[in-house]
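Chains as they are written, first to last, in my numbering: chain B, 28 to 448; chain R, 28 to 448; chain E, 28 to 448; chain A, 28 to 448.
Everything labelled a hint here was simulated from the structure, so no lab data went into it. Errors might be hidden in some of the hints.
Copies of the same chain look alike in the list, so a pair counts if it fits in one copy or across any two.
[Stated by the list, open to error] With a straight-line Cα cutoff of 30 Å, these simulated DSBU-like cross-link-like pairs (lysine-lysine) come out:
| hint | residue 1 | residue 2 |
| --- | --- | --- |
| 1 | Lys150 | Lys180 |
| 2 | Lys301 | Lys359 |
| 3 | Lys420 | Lys180 |
| 4 | Lys150 | Lys407 |
| 5 | Lys301 | Lys150 |
Protein chains: 4
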Amino acid sequence: MSLLADLLSPLFDRRYASAETRDNRPMRDLAHDLLTSRGEVSGMALARQILDRYASMEDENKRTFLEYLGRELDLDPDAVQVALETYRGDPSRRNYVTLMSASEPPRQELFRRLNQVPGATGKLVAMRADLIRFADGDPALARVESDLKHLFKSWFNRGFLVLRPMNWESPAHILEKITRYEAVHAIHSWEDLRRRLQPEDRRCFGFFHPVMPDEPLIFVQVALTKGIPGSIQGLLAEERENLPVGEADTAVFYSISNCQAGLAGISFGNSLIKQVVEDLSRDLPQLKTFVTLSPIPGLMAWMRSVGLESHMSNPETLGPLAGHYLLNAKDKSGRPLDPVARFHLNNGALVHAIHAKGDLSPNGIAQSGGAMVNYLYDLKRISRNHEDFANNKKVVAAKDVQNLARTPLPETQDSPADAGT
Amino acid sequence: MSLLADLLSPLFDRRYASAETRDNRPMRDLAHDLLTSRGEVSGMALARQILDRYASMEDENKRTFLEYLGRELDLDPDAVQVALETYRGDPSRRNYVTLMSASEPPRQELFRRLNQVPGATGKLVAMRADLIRFADGDPALARVESDLKHLFKSWFNRGFLVLRPMNWESPAHILEKITRYEAVHAIHSWEDLRRRLQPEDRRCFGFFHPVMPDEPLIFVQVALTKGIPGSIQGLLAEERENLPVGEADTAVFYSISNCQAGLAGISFGNSLIKQVVEDLSRDLPQLKTFVTLSPIPGLMAWMRSVGLESHMSNPETLGPLAGHYLLNAKDKSGRPLDPVARFHLNNGALVHAIHAKGDLSPNGIAQSGGAMVNYLYDLKRISRNHEDFANNKKVVAAKDVQNLARTPLPETQDSPADAGT
Amino acid sequence: MSLLADLLSPLFDRRYASAETRDNRPMRDLAHDLLTSRGEVSGMALARQILDRYASMEDENKRTFLEYLGRELDLDPDAVQVALETYRGDPSRRNYVTLMSASEPPRQELFRRLNQVPGATGKLVAMRADLIRFADGDPALARVESDLKHLFKSWFNRGFLVLRPMNWESPAHILEKITRYEAVHAIHSWEDLRRRLQPEDRRCFGFFHPVMPDEPLIFVQVALTKGIPGSIQGLLAEERENLPVGEADTAVFYSISNCQAGLAGISFGNSLIKQVVEDLSRDLPQLKTFVTLSPIPGLMAWMRSVGLESHMSNPETLGPLAGHYLLNAKDKSGRPLDPVARFHLNNGALVHAIHAKGDLSPNGIAQSGGAMVNYLYDLKRISRNHEDFANNKKVVAAKDVQNLARTPLPETQDSPADAGT
Amino acid sequence: MSLLADLLSPLFDRRYASAETRDNRPMRDLAHDLLTSRGEVSGMALARQILDRYASMEDENKRTFLEYLGRELDLDPDAVQVALETYRGDPSRRNYVTLMSASEPPRQELFRRLNQVPGATGKLVAMRADLIRFADGDPALARVESDLKHLFKSWFNRGFLVLRPMNWESPAHILEKITRYEAVHAIHSWEDLRRRLQPEDRRCFGFFHPVMPDEPLIFVQVALTKGIPGSIQGLLAEERENLPVGEADTAVFYSISNCQAGLAGISFGNSLIKQVVEDLSRDLPQLKTFVTLSPIPGLMAWMRSVGLESHMSNPETLGPLAGHYLLNAKDKSGRPLDPVARFHLNNGALVHAIHAKGDLSPNGIAQSGGAMVNYLYDLKRISRNHEDFANNKKVVAAKDVQNLARTPLPETQDSPADAGT
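Next up, chain B with everything else stripped away, as it sits in the complex (with noise of 0.2 Å):
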């Protein structure tokens, strides 16, 4: 990383500390100013005050200034009314320009002219986070918001991502990062960080954008297994022999955590398991089977739901409850209501095995029970299965989880809740 953010920040460096007298106007003057013709000369030092004023401010100040954006900066649909109509009268490519200018917001220009400046779009990421915190109920704000997710699908459009390895040998800040962000299994320590990164069995790999080279966007932890692992617990403990690579037959994602709150609802997951598993196919060629080792998050709580609480600590019967919930649980809208489920099965993974003691932490135990999941990435299979859960919204699911779904639901204690069934 650091040596990517090496390369790339001749850009970006102290180059500036070359004092720019700061300047104290408000900062819609500053906006403003940055938006006419004054900023496409000096908009570099606009850009940059803009975006450090704005970064050290209260959040009080903070919506203030994101007001401004989606009030005063907002779409203006008489114009866009205005442009419509010349543009069905005609439809010449200035036209089209025309109503496609007033079919953007100004705030959109200012954010690129604002990203100019060296750091500019982790800082915008950052905003769009505050947006994302403050946004609830306040419809110009939360157009803001949207402004922000649409300009990031086209800057962090997966041409653009640059996929890494993590490991022992990189930089410290950044594996800093990596125990922050990692959502799914803590990292309590340093000598943690090292039992998942070090071992010859153990991968890492992470998304980074050119321009944000010290900022990981999503990363997956990968443990190489002979088998497919059944147990949180026993791939991760301390005392675990390491398994020669050359004996690894398997390759089990045991953890993906997203990093920045300001890139939500931009998916990276799909393109990195995809990515990891074409890559690992082909450095280790000896793996045969891709799989996850995944919590379902939603079980227990959907257990209370149906008045299953009582069957919650029984090993017996959380397997089959597992799969019922995991296969014939579904939304409003006729998807899984687990969401790592959702996930999995729309990147075109099937249900493989069901693990009543996968995951006996305290979490574990509060989320699912202790039960876990695999979900297979089957290459061949992927588009299909992908198509048929899209289009159909079928469940592909292994014959034995298929039976275990089967199983009669225990009684409930009140009436069956049909809540999701």
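Starting from the known structure of chain B, arrange chains R, E and A on it as the hints suggest.
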């Protein structure tokens, strides 16, 4: 460059040499698939096929595909109208997103999905170059071209560009492109190129985009000199002696060339010059003056248009006429007729000096009777100059040039044409 | 580092994982083969086997192999004698080469041939560490050890070393080694390490050799301060506030650690300090003073040896006694008793100031009663100081320290020992 | 290369531009100082002055300095004698070190101290090139030359060399050197160079030393072909079609060039070929055959020497004569007369095929009547071949070549010369 390429290419390499089976269906079927849910999972293979097949097509087939984009993946004005009305009724986030989505033709999403494969960005840039060739008189193609321009303004935002020096230690395949793209003073051989790049009093800088690491977007050639030069032949003389860098007080921008036809209309020159001025100022604090040695490409054409042909080879009157042309000859919008003048004045430079015998090459004689001009970049005055120019169309010039321009025009053979005066 | 490793490792990688068949003959047979013509062509496989087998041996077997080197691949004095006489008769190139060759034991060629495999240099350094452990009292092993020292003086010549800064962006596996090798003020945790490396007023630099890119040879830790500090606890306090670099006027070398036992006796410290002084001077011209904050490791031992134990915990008399010890206590050759003093004085530094309460850690109290000393590196005087010291054994010291050292010694309990006074 | 240079050059840069005052004393005074204690501390300035002044000297002054090294910093045989006797009496470490030290002339320590400045290694290599020019008939200079050779065997040990591919993406200043150093089949222009480097069925690899990153030590050019070629003109034809790499089964080493006159006698070719064979085998497993297409530089000279001039332009008899020459014509020590044959046979290759019309260039006709030869590197047999050759002087050849060589020699015009037969 090639290091950057190396770093980024983990993504990009022979990775997919793995035989994807060729899909022989019509291009529009592939494009359609890429836009549906199938595209979310199998998009990489589809995108590669579309881009590779497009690249190998004859113009006629290319045009067919581009017309498909222009007509079948076009904006739907009815949908915009409906969404606009809904939004006017309730400007909620959801309605806003619907409107934004309706205001964007579906080909934009196609472009974003195409961009997931290595090399795609360069291929889309080439596609726009085709569109520019084809679009004339065909509004549908012109709209597609305009969409790509809009997209590229976002993707090639200043914040994503990397400034790289180029010199005799740069990769041969990059240097070859410098030779090919040089648009102002042609480079005739590797020896010629070496004279521009190897001496320590010569510099060259270009902007690159991380995903097109072997393709300069724009580059500028700089000579470090003692005093401001007035002759390009003197500057590039084979037998000249190199100046020890410590003795240089002036940096002369003597050539600036855009490289990518498909990025026409996306301005990099202003940023490039300013960046290079900043970098050189920091690295070589002995440099006090930043100036161009520029052609006056429209001078002879203007003299013909105003009936002054007879003065074209008279060095006595050429200076005053050039001054007059640069300061007083305006287009309908009131801006200078000369495109190079417009560029530098809009960047905030001023007209510093005119040299009647600046470029005695056949081309120099043909376009300007041999005259050249220095535009001066005075960092302290750039912002004010630019605003004067942008807002008031004021052309800032040194005293001497103002005096030159005040010299009475010689009588013309015909009646004095007022075109552009 | 790991970039350097990457670049160099095209040579070094899993390349030879390709199964070389294990050769189970005795080590001496392999070594013999490597020295014959077979070694010229199949040397790589032989070298790898020898080094790998050696590395995995118990001490007893290692010693057997090293004794073989010491006794059977030893210098042949008769051959030297014959060659010397021939050379005296006719000092031709041929006779010179014969003499040079006879004067070198055959194990030297063995070492050079062993060094052709990736990682060999590091393994030979480890072999010398073994020899240092074993050699005591065994002249044959001592001669082998001395041969390696001679070889390493050539291989680790200053011109081949690379100075690299280390900071919080350095690879974790390198940082780990910093923690392990720190010999002066122990680093207790990653948080402790971070405090030494991450703040902008802290720097760390090490020498590396290109073929051992993951192994620092020596490193120095530097604090940037305002004024010269007198307390290591103050310098390293957890709660201290970072100093903005622009306000620093002093660079304090507060810890310098050699890392490789097998490179004992090959001096890197002098070059390292000078290089870092030059680099910091250039990058941070505001730095005016380069100084150490050093322990006085021999002070308490000396006080005991001269019967001054009773003054060991008296801060009043500790300063003068430390001054006396540093300036006047000499070994038989007339150089200072204190090894740290010898090192810095020989580098051309001078004794600048003494701090009675400089290091109140248990270790600091134990070795010097808590006293520390600043050695000043004054670039203008280094050369003269060094020569005065090297040629005349003169210890240069600041006025205040000279005065301290002139304070009459307190009476000793016993008769005044003259050891080292 | 230039990346490597970048990484290493933090050490090496303009760092010392800082004006060191020029020391105008005689070179020998500077050298003397560098060897004394002053050299330990101020060595860098002294070393730079000596090397810079030497580099700018005329031959006469260079020779004076080299004679100083040869005569005044020479080995002292008396000191060796004394040390040898002491050592015989007691082979202690101390006495051993004294003997080793006496056996090394003081100029060796001078060379090591000179090597502390950036670029020194390259300058010392150039100094040996001077010595090779000057040494003829002057034993003192010859001894200095031999000392540098000994030193370079240590410094340019295989373990310190870096193999780098060179291609059309390599830095121009490196490619320029390829053109200049190519010793076998001259490269006439950049276009010619491009034909050797750019096509995917052409490769080039060189060894570099980390401190001379811009200077190849040796390089080899490789063509990937289908079958074994017999004509260099065919191989290098301008109009030839590139072979898709996937179809290649053979790698042809058609040119190998040493680059540094000052490294004469230090063998890199054997290691280079083996390394490239290993790398290509791994990266392109479809390659089954590794073979040279080599000149027979001594053929015509030999034919003249044995009175066979009249057959020099007869393609019928050229093949058998070439076979006879390669297999049977020996020097006094019993090894093949032909130097290229000696090189490849000593590497363990075998004589595979002879092509009477292999090189029809003027040079090819002049030295071998147009004949060329393939030497085959069969990894499984290399070691045995080499030993047969090294120990028994056996020339291994394919059946066909053996048969050719058995063809009776035509009658010579004179009596059959026995020179070399």
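Legend entry - Numbers of the earlier hints that this structure fails to satisfy, in rising order: Nothing - there is no hint that the structure violates, so all of them hold.
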